[in-house]
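J.: Chains G and H, in that order, give the protein sequences.
Mapping the first sequence onto the working numbering, position 321 (from 1) lands on 334, and the numbers just tick up by one.
Mapping the second sequence onto the working numbering, position 319 (from 1) lands on 332, and the numbers just tick up by one.
Honestly, the hints are just simulated from the structure, not real lab data.
Note that the structure is a prediction, hence the values are computed from the model and not measured.
Please note: incorrect hints may appear among the correct ones.
Where chains are identical, the list cannot tell them apart; a pair therefore holds if satisfied intra-copy or between any two copies.
[Claimed, not checked] In silico DSS-like cross-links for lysine-lysine, where the CA-CA straight-line distance does not exceed 25 Å:
{"hint": "1", "residue 1": "K47", "residue 2": "K149"}
{"hint": "2", "residue 1": "K86", "residue 2": "K112"}
{"hint": "3", "residue 1": "K86", "residue 2": "K412"}
{"hint": "4", "residue 1": "K89", "residue 2": "K149"}
{"hint": "5", "residue 1": "K138", "residue 2": "K89"}
{"hint": "6", "residue 1": "K86", "residue 2": "K138"}
{"hint": "7", "residue 1": "K152", "residue 2": "K47"}
There are 2 protein chains.
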Amino acid sequence: MKRSQMEYVAGGGLIDRRSLLVGGIAFLAASSIKPVAASVNEGVKRIGDDFPVWSRTLGRQGTTYGQPSIHEKHLKLKLQLPSAPENSGTTGWLTPLEKLHGIITPNGLHFGSHHFGIPDIDPDKHELLIHGLVEKPLKFTMERLLRYPMISKIRFIECAGNTAFNALSPLSHDGSCQDLHGLISCSEWVGIQASLLLNETGLGKKAKWVIVEGADGGSHSRSIPLSKLLDDAIIAFYQNGERLRAEQGYPMRLLLPGWEGNTSIKYVHRLEVVDAPAYTGHDSGVYTQHLSNGQIEGFSFYMDVKSVITHPSGKQILEEQGFYEITGLAWSGYGKISKVEVSADDGKTWAPAQLHGPIIEKALTRFSIPWHWDGKSTVLLSRATDAHGRMQPGRKEWKQRYASPTFNHYNAIQSWDISSNGEVENVYV
Amino acid sequence: MKRSQMEYVAGGGLIDRRSLLVGGIAFLAASSIKPVAASVNEGVKRIGDDFPVWSRTLGRQGTTYGQPSIHEKHLKLKLQLPSAPENSGTTGWLTPLEKLHGIITPNGLHFGSHHFGIPDIDPDKHELLIHGLVEKPLKFTMERLLRYPMISKIRFIECAGNTAFNALSPLSHDGSCQDLHGLISCSEWVGIQASLLLNETGLGKKAKWVIVEGADGGSHSRSIPLSKLLDDAIIAFYQNGERLRAEQGYPMRLLLPGWEGNTSIKYVHRLEVVDAPAYTGHDSGVYTQHLSNGQIEGFSFYMDVKSVITHPSGKQILEEQGFYEITGLAWSGYGKISKVEVSADDGKTWAPAQLHGPIIEKALTRFSIPWHWDGKSTVLLSRATDAHGRMQPGRKEWKQRYASPTFNHYNAIQSWDISSNGEVENVYV
Numbered sequence: 014m015k016r017s018q019m020e021y022v023a024g025g026g027l028i029d030r031r032s033l034l035v036g037g038i039a040f041l042a043a044s045s046i047k048p049v050a051a052s053v054n055e056g057v058k059r060i061g062d063d064f065p066v067w068s069r070t071l072g073r074q075g076t077t078y079g080q081p082s083i084h085e086k087h088l089k090l091k092l093q094l095p096s097a098p099e100n101s102g103t104t105g106w107l108t109p110l111e112k113l114h115g116i117i118t119p120n121g122l123h124f125g126s127h128h129f130g131i132p133d134i135d136p137d138k139h140e141l142l143i144h145g146l147v148e149k150p151l152k153f154t155m156e157r158l159l160r161y162p163m164i165s166k167i168r169f170i171e172c173a174g175n176t177a178f179n180a181l182s183p184l185s186h187d188g189s190c191q192d193l194h195g196l197i198s199c200s201e202w203v204g205i206q207a208s209l210l211l212n213e214t215g216l217g218k219k220a221k222w223v224i225v226e227g228a229d230g231g232s233h234s235r236s237i238p239l240s241k242l243l244d245d246a247i248i249a250f251y252q253n254g255e256r257l258r259a260e261q262g263y264p265m266r267l268l269l270p271g272w273e274g275n276t277s278i279k280y281v282h283r284l285e286v287v288d289a290p291a292y293t294g295h296d297s298g299v300y301t302q303h304l305s306n307g308q309i310e311g312f313s314f315y316m317d318v319k320s321v322i323t324h325p326s327g328k329q330i331l332e333e334q335g336f337y338e339i340t341g342l343a344w345s346g347y348g349k350i351s352k353v354e355v356s357a358d359d360g361k362t363w364a365p366a367q368l369h370g371p372i373i374e375k376a377l378t379r380f381s382i383p384w385h386w387d388g389k390s391t392v393l394l395s396r397a398t399d400a401h402g403r404m405q406p407g408r409k410e411w412k413q414r415y416a417s418p419t420f421n422h423y424n425a426i427q428s429w430d431i432s433s434n435g436e437v438e439n440v441y442v
Numbered sequence: 014m015k016r017s018q019m020e021y022v023a024g025g026g027l028i029d030r031r032s033l034l035v036g037g038i039a040f041l042a043a044s045s046i047k048p049v050a051a052s053v054n055e056g057v058k059r060i061g062d063d064f065p066v067w068s069r070t071l072g073r074q075g076t077t078y079g080q081p082s083i084h085e086k087h088l089k090l091k092l093q094l095p096s097a098p099e100n101s102g103t104t105g106w107l108t109p110l111e112k113l114h115g116i117i118t119p120n121g122l123h124f125g126s127h128h129f130g131i132p133d134i135d136p137d138k139h140e141l142l143i144h145g146l147v148e149k150p151l152k153f154t155m156e157r158l159l160r161y162p163m164i165s166k167i168r169f170i171e172c173a174g175n176t177a178f179n180a181l182s183p184l185s186h187d188g189s190c191q192d193l194h195g196l197i198s199c200s201e202w203v204g205i206q207a208s209l210l211l212n213e214t215g216l217g218k219k220a221k222w223v224i225v226e227g228a229d230g231g232s233h234s235r236s237i238p239l240s241k242l243l244d245d246a247i248i249a250f251y252q253n254g255e256r257l258r259a260e261q262g263y264p265m266r267l268l269l270p271g272w273e274g275n276t277s278i279k280y281v282h283r284l285e286v287v288d289a290p291a292y293t294g295h296d297s298g299v300y301t302q303h304l305s306n307g308q309i310e311g312f313s314f315y316m317d318v319k320s321v322i323t324h325p326s327g328k329q330i331l332e333e334q335g336f337y338e339i340t341g342l343a344w345s346g347y348g349k350i351s352k353v354e355v356s357a358d359d360g361k362t363w364a365p366a367q368l369h370g371p372i373i374e375k376a377l378t379r380f381s382i383p384w385h386w387d388g389k390s391t392v393l394l395s396r397a398t399d400a401h402g403r404m405q406p407g408r409k410e411w412k413q414r415y416a417s418p419t420f421n422h423y424n425a426i427q428s429w430d431i432s433s434n435g436e437v438e439n440v441y442v
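Excised from the complex, chain G in its bound form (with noise of 0.2 Å):
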């Protein structure tokens, strides 16, 4: 490859993806990845003992449930804090960002965060029942809920404290992206409107919010805006096609796009109409956050603009120099997102990556730029834009405005280091 057939769009490497288009053969075959060079009878030595077995035998059958291939075991859930006992209730489970690709999380791989375990609930016993500050109390059964009109929504949820809860540790700083980031994931959601079922039960004058409960053993609660259930609120049946998972809030969950992930009242069984919230358990204490200004900052539902390289990223390894795609996921809570740029240089030069589409608004977008690495040491970072101009703050500055034990909201740019040997870690800048 000559390098100077690559054009560069900034530094440490940055390569403009048009070079990918004419770049041809010289490119990517000489730049590293170095495919095998074949030869002309190669494809014509079709039968004999040295094909593998499966070249040579009938396959499996098959199943009713499909489940991954035996060769992807490693990819897995994982427990944020291990050391829990099991039976505290509380869990986080982490999406393995670093090894998925695209932007929908499959439904074995979503993240999980539970306040009280997975129920198991029988839905023939699930109803929902809407009250308060409404003209007509009502109860629904699922049986009657499945007949309503239905939408679907591809959409991110994440939780509050992801990232943070992690990253301010300093234990663990050489995390992985799947440590550091992996309460995050995105599916397609069916479910009703929200506003379709509360138009049913009509409103009173003075409803203003909705505590949303959910049917585990904590009832796990929380005040909500009726705005924001008149908006784009779905109760939620349905995740990338399938019926929910218990992990997801089997038999129906609330979803509000955009929003904090514990707001999505997994279990939901019961909308109060109120006139003011009610300080649940969650609506204080672990879900507000403490401001360097002395305030509490409660009810701060919007997941900010934020973005993540999810490979390279921590604890992988760049076995040489030479060409890689730089690839990552970018959300914002509040719609859209316009641009991502990368730096390969510690922040001194940043290109714009490339966005792949369907670019949808409240859903994961997943962008991607190329990238030659000199085999020096350097820093890769990412930082995202929103449709309304909301740009991904530094750490510093997100620091600023936060007094120390507060986790939840981090959306900081994040920092990979790339060492001379190739190893990535995380690292605070």
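Starting from the known structure of chain G, fit chain H onto it as the hints suggest.
T.: Frame of chain G; chain H shown alone:
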């Protein structure tokens, strides 16, 4: 409900969906869905032994790879030919379309069609060879391939024989939507553009076709026009986020968007660039059609515009007259769906259904329309049109083109008969 409040858009009870937004409480609640009136105190009785066990106890901790709810065991793929011997190698696993929603098919329920069973290929021993009329034959290991830039596309795959393989047989007149149409699914696929790899090898001047071969026991192979591989073909590694399932081609498959499924060669390990088609076993035989004019139609790659109502559909039962949502799926191998019309009076009148976005080319598109069933027998139909103006034919029209042994590429309008007792049944009109 005052029926006069609903605006009908066609015969047989099809409702303008805007009625849902303006109708308020009078509309759905009274329209036979009938949620139960709740007492004002109901929400307060939140503690007690009459509460279900899951609301009084701590739930499970979870697992490293999630599975469907224990209450959804009935959600299964179904063998197309259950009587075929297990070692026949040829299997068709049908997706339960009528039990799914949205457009994404969960990985565990993606349809499968295999001629030589499902191999479990060790990715470390799998290579891709590109040879023939190329400037430089090359072999790619999995490790090398995973270094290349990737793209993500939500695309359907449909078996050439979907629907008519069953629907032409009088034996399956009473099939479910799964039985009749289950050889189609839709996923987010991620992989390398095939054009990028062909750019690596370079192409000889006479290059016009490519023989694509899988590593399965019977070396399933097809001759594919080079132009398709240079257009939108993908060597796919990921499906809905995670690596492909063995059923879907692990460790990699070709994806030819919009073309009959058997051309998206699973377990792909060889691309031989040639100047003319090879007439492989599957270029001929089962993937050709007998035309009524006596000709044989081969290399008929495009899956034409098609739709099916998934609810209400075959073998389902409408328990009572009143409100239902008619919903289904539409797709076209040529591009985007532009319109789906629904008839609730056996084709006398038609109304446009709502298309749920994102509307993506060569992907499934979800449609729906509200419907008030008056309890009388009728026939429901859907008719899709794509962005190229191609419209689904009627059954008679389709049969005029093809001679009787042919079952591939059946895309005629599906008719679901609703009897006055609420039974839904496939019917040929």
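J.: Which hints from the list above does the structure break, by number from lowest to highest?
T.: 3 and 4
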